[in-house]
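J.: Here is how the chains run, residue by residue.
4 protein chains.
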Amino acid sequence: MKAAIIGVTGYGGIELLRLLANHPSIDVHSIHTSSQTGMRLSEVYPHVTNLVNHSLEEIDIPKIANEVDVVFLSTPSGVSTTIVPELLNENVKIIDLSGDYRLKNPNVYEQWYKKPAALQEDLNKATYGLPEWYKEEIQNSRFISNPGCYPTATVLGLAPIIKHELIDESSIVIDAKSGISGAGKSPSRTTHFAESNDNFSIYKVNQHQHIPEIEQVIQGWDASIPYVTFSTHLVPMTRGIMSTMYINSAVDSLSLEQLYEIYKESYQDSPFVRIREKGTFSATKEVYGTNYCDIGLAFDKRTNRITVVSVIDNLVKGAAGQAIQNANIMFGLDEKTGLHYVPLFP
Amino acid sequence: MKAAIIGVTGYGGIELLRLLANHPSIDVHSIHTSSQTGMRLSEVYPHVTNLVNHSLEEIDIPKIANEVDVVFLSTPSGVSTTIVPELLNENVKIIDLSGDYRLKNPNVYEQWYKKPAALQEDLNKATYGLPEWYKEEIQNSRFISNPGCYPTATVLGLAPIIKHELIDESSIVIDAKSGISGAGKSPSRTTHFAESNDNFSIYKVNQHQHIPEIEQVIQGWDASIPYVTFSTHLVPMTRGIMSTMYINSAVDSLSLEQLYEIYKESYQDSPFVRIREKGTFSATKEVYGTNYCDIGLAFDKRTNRITVVSVIDNLVKGAAGQAIQNANIMFGLDEKTGLHYVPLFP
Amino acid sequence: MKAAIIGVTGYGGIELLRLLANHPSIDVHSIHTSSQTGMRLSEVYPHVTNLVNHSLEEIDIPKIANEVDVVFLSTPSGVSTTIVPELLNENVKIIDLSGDYRLKNPNVYEQWYKKPAALQEDLNKATYGLPEWYKEEIQNSRFISNPGCYPTATVLGLAPIIKHELIDESSIVIDAKSGISGAGKSPSRTTHFAESNDNFSIYKVNQHQHIPEIEQVIQGWDASIPYVTFSTHLVPMTRGIMSTMYINSAVDSLSLEQLYEIYKESYQDSPFVRIREKGTFSATKEVYGTNYCDIGLAFDKRTNRITVVSVIDNLVKGAAGQAIQNANIMFGLDEKTGLHYVPLFP
Amino acid sequence: MKAAIIGVTGYGGIELLRLLANHPSIDVHSIHTSSQTGMRLSEVYPHVTNLVNHSLEEIDIPKIANEVDVVFLSTPSGVSTTIVPELLNENVKIIDLSGDYRLKNPNVYEQWYKKPAALQEDLNKATYGLPEWYKEEIQNSRFISNPGCYPTATVLGLAPIIKHELIDESSIVIDAKSGISGAGKSPSRTTHFAESNDNFSIYKVNQHQHIPEIEQVIQGWDASIPYVTFSTHLVPMTRGIMSTMYINSAVDSLSLEQLYEIYKESYQDSPFVRIREKGTFSATKEVYGTNYCDIGLAFDKRTNRITVVSVIDNLVKGAAGQAIQNANIMFGLDEKTGLHYVPLFP
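Chains as they are written, first to last, in the UniProt record's numbering: chain S, 1 to 346; chain G, 1 to 346; chain P, 1 to 346; chain A, 1 to 346.
These are computed hints drawn from the structure, not numbers from a lab.
There may be inaccurate statements among the hints.
Identical copies carry no separate label here, and so any pair may be met within one copy or between two of them.
[As the list claims (entries may be wrong)] The list that follows gives simulated cross-link-like pairs (lysine to any residue, SDA-like), each with its CA atoms no further than 20 Å apart:
hint, residue 1, residue 2
1, 204, 79
2, 63, 134
3, 93, 332
4, 93, 208
5, 204, 260
6, 185, 224
7, 125, 187
8, 125, 67
9, 336, 21
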């Protein structure tokens, strides 16, 4: 299979390239960007010197669609809506890593993203690419909207207790933390080393655009869930997300053992979700560079509250790795193809 | 005034020394440790070369009590209980930075600390040294139990909404994050650079010994508050604590403006608590090296939930700085004496 | 004494403000910047909330000169040359933290800085503000050109062996490393956290504009010294410079003991230079936040080569602290005034 | 082919495991350690949960030699000498990652390592496993002594100019910097996060045990080279080594173009050495997680001095990756087998 990557110079794009470089069935045919066209990629990212010989090409949709089997869009919010409609007219699979096609309701998109939404008809065509819960839909889709990094960690953590109706639906509090690569490649004061190093900050309290994405997914499973509380923090590290979730139990005499059983069963066929040993929790480095989502659990009898701790690499399971997992499924490959790495540790 | 520091080679002790070095009214008379006696401090901490000429002395309580006005105890849990009883027999003020005298109920101490508790009669003599809420008690006390780092950030953040009875008492969720200096000076795998750098982890979920301390303080203000949920995370940075707190509002039509008014009024006479501009939140670096506790607020109408974000330097307001603030109050000095620094930034 | 700070929003400027906030004899009267005029400083730097109430003022030289005793210029290269000529016509002391008046030869400036040089007559008026070696000149000057960060660490390390004619003049190799705050406040790819964290890089090999500054100073002491080799590296930390210097000994049977004696004697009257215990070397954190320059020494009999290791905080002894030390000397104060801090550790 | 790893719980061992997990021709058959026998590896390193199911076995040499084709020894200094003699009696290939068999002269070993040396006859059997310069010897060897991390970066950087006799042999100055994983897995004050974070230090000045290793290699190429000057620094990052080398040119009218030609030609058949574009230098992150050694060059006409900048990942090309490269060569495989990764960036 041949792939094109549009928006390759962002961190999601460069990570797609890293992972696809060793993928046995998907070759990167061409890489595209709206600027710097004609440059070799190694001029922008010298770490690929000798390893990636592609040059940056312009975004010529008919040409791309003619030459490849799948197009990965790793573009900022608001760009995919200008490219996807044309791609949908072509005979090519599409995996969009941006947020543009995740929210089914264009009004909600416009409220949270402050940008014009995609067309409703195109939104309807997009399949939410969370393979652990929508594998069949993905198999039958040609257009995937790849989940956001925070929602991936969060909804994988929440799914089993929601599906088993164990919780007080109005009690969900999500305290999420991310490495700074999540802010992307554009330098800013927030990502300026001198000010972000040795520092910990909170941002977009109650205002993060991933809030409606989380709500859409979990309300799809349990319509009685109202809004959630969700905060995001910046950790002085490059990669990694931890989502710490607090939920009141709605059942009598819940036990930690029960919780573990439910989670293990829920994910027994999901090779990238690892339920950790009871009493242990994964640190973000334990999934570094890989597509794993590690989940740990606690239950406090004193407060009748469940704590779920879910950890991913934001650039892999939170972006490029999950996109490749989706591509594997779309192409009928084993979903692990090209993704079975041992985390880089230390 | 003359001071002795017992346990000076821990991070709390060395920070006491840094701050007292420029204190106009309190001189460090002697420094003590249970090991390394006879060495100059600069042999253990070369950064004090030429600046601190004291040598490490053994812990001879009668001699110490005879020579100084105040003794700071910056010792690990379980050590103060072997020293304080003797000190209480002497005519000297005592400020204990350890956790040994914070919990009034010895059974609770033994349950959470897994160590023998102090004597009940000595526990009764200890005043909880949180100056913003117990200033009068501190003025009249000769024995201060200095608050824990997490409880300081947390209860300063919770106090106004508890005292104004704005909240659902059973809904308090506290997600706390700390720099790694909070783990102290002893090397361990958890604090090993190669494994903690570029990493974010959670620890002691529902089991941190600061949980009963927080509960004791806030239940003292509102006996109807049941247990709280409290998690602690390690951030790859040296100093700083952020406590992010989620609490359901119990009142109709709460507004963010109201919240800010209540917080500003609550702390109008507290020089070290800074209520931040509406809509902004302090990052930990914004209090680096200083005794400030910065508080930011959010209220989400969608969920009727309040978010309080409280930030301190764990070694200053969370330990040595607060101890000096307490000493100032005990000696009748302005509580800011020797503590009015601008945070080190960047 | 009253001071104005021009360029206060850069890291040198904000550090001047931090240190002057506790200076007993110099008050910050006004702060100035070419942009953001009218804003309160706390809007740009929220860490000064409640502590600095100044607003940013425009740069009106006659007004400033009329109101203050000393003007600190903490502006980027090329800006001071537009301000200093006017200031020289006024009755006010001037301390310029930029590189504009350090090089006496305007051609050399233009070659290395790629900018128009200052007027030769104004260059002649500037005193190079390295107090350890030019104290008398500073006392008699009203216009100080504050040394660069790398040159400060480097020439303090080289001075004793040059003045004692111990070295092969053509053999000086300087390998310097700096924290990322040295790159200033403007975000760029080089200072972008995701790419600079957990990374170590070299830059401006043989091309750093501090090379001619170092050469000018040491050639002033020994005209037979030719060019030096000087490389600069970026360390993933906020503050700190280490300059590791390698110099061939030119004398027979040099001993390490001799070297230490020479250094101790050279700096016996320099309160901010600390010659470390034989066999030990200071890490950058051991001077964090302070005006100290720590020097360690090695001599390798196998190669007959001396290694000098000199460490400073680039924003203090390498910028704001040294500027205040110069101001103290100009005003006839003890040079330590307002600068005797214990390093922040850990 | 089957492999055993002795000393798997060190960072070199765990990195061997990470890389061999995806090696198409070498399977990890068993893993061994002197302690923690019987535990699953995931209990010590939870990041391998579900990925590595091996348990830690004791070190039974005959059994190991009977079952595998190659033994990797990733043990601390002084341990290999107790294992290798027995292994040499067995029919198995040996790759020793420790320093025990690198120095051919046992007296030199004992002087620098302060430990008893290996037997001279066994030292004679060991092949120094630097594939770029000893490929043929490695092909014909069954016992490889894998180079040290600093020597790998350093001698790859020095080789071309030494072999082309371009330099003043007595002028070699090497200023090396390493991430903290180079200090290994044992916690210590030096590697304690609170003290090593945001800090830069120098250690073992003129005393590092890699000095004689570097000298042995380069003197093997040019016997007229005397001792070298070599310093090592700790960078607050996990992985990566940069060796910055300063060497006087011995030829008239050397040009940078010439230098680049020589380096490119020298390494044209070395897939893991990347000579960077003229005027650019690799940062350590540009080889993160991979077996590449990136080299950049400068020549300063002013001083007639060459600067060589060589960068590796200390745990890959400086340890486990190079060991696998050696194994590939010993087994007649393409040396890149299992090692062609794109660096993890950012």
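J.: Under a CA distance limit of 20 Å, which applies to residue 93 and residue 332: within one copy, between copies, both, or neither?
T.: within (13 Å within a copy, 41 Å between copies)
J.: One pair to classify: residue 63 and residue 134, alpha carbons no more than 20 Å apart. Within, between, both, or neither?
T.: Answer is neither: 31 Å inside a copy and 48 Å across each miss the 20 Å cutoff.
J.: First find the shortest C-alpha distance between residue 336 and residue 21 inside one copy, then the shortest across copies, and answer within, between, both or neither for a cut-off of 20 Å.
T.: both (15 Å within a copy, 14 Å between copies)
J.: As a check of your reading, is residue 204 near residue 260 (CA-CA no more than 20 Å) within one copy, between copies, both or neither?
T.: For residue 204 and residue 260, only the inter-copy Cα distance (18 Å) is at most 20 Å; the intra-copy one is 32 Å.
J.: Checking residue 204 and residue 79: alpha-carbon separation at most 20 Å within a copy, between copies, both or neither?
T.: Classified as neither: same-chain Cα gap 22 Å, cross-chain 37 Å, threshold 20 Å.
J.: Could you place residue 93 and residue 208 in one of the four classes (within, between, both, neither) given a Cα distance threshold of 20 Å?
T.: Neither way: residue 93 and residue 208 sit 29 Å apart in one copy and 50 Å across, limit 20 Å.
J.: Go through the copies and call it for residue 125 and residue 187: within, between, both or neither, with a Cα cutoff of 20 Å.
T.: neither (34 Å within a copy, 40 Å between copies)
J.: When no copy is named, should residue 125 and residue 67 be tagged within, between, both, or neither for a Cα gap of at most 20 Å?
T.: This pair counts as neither: shortest intra-copy Cα distance 23 Å, inter-copy 56 Å.
J.: Should residue 185 paired with residue 224 be assigned to within, between, both, or neither, using CA atoms and 20 Å as the limit?
T.: Classified as neither; 38 Å inside a copy, 48 Å across copies.
In the structure shown, a violation is registered for the earlier hints numbered 1, 2, 4, 6, 7, 8, in ascending order.
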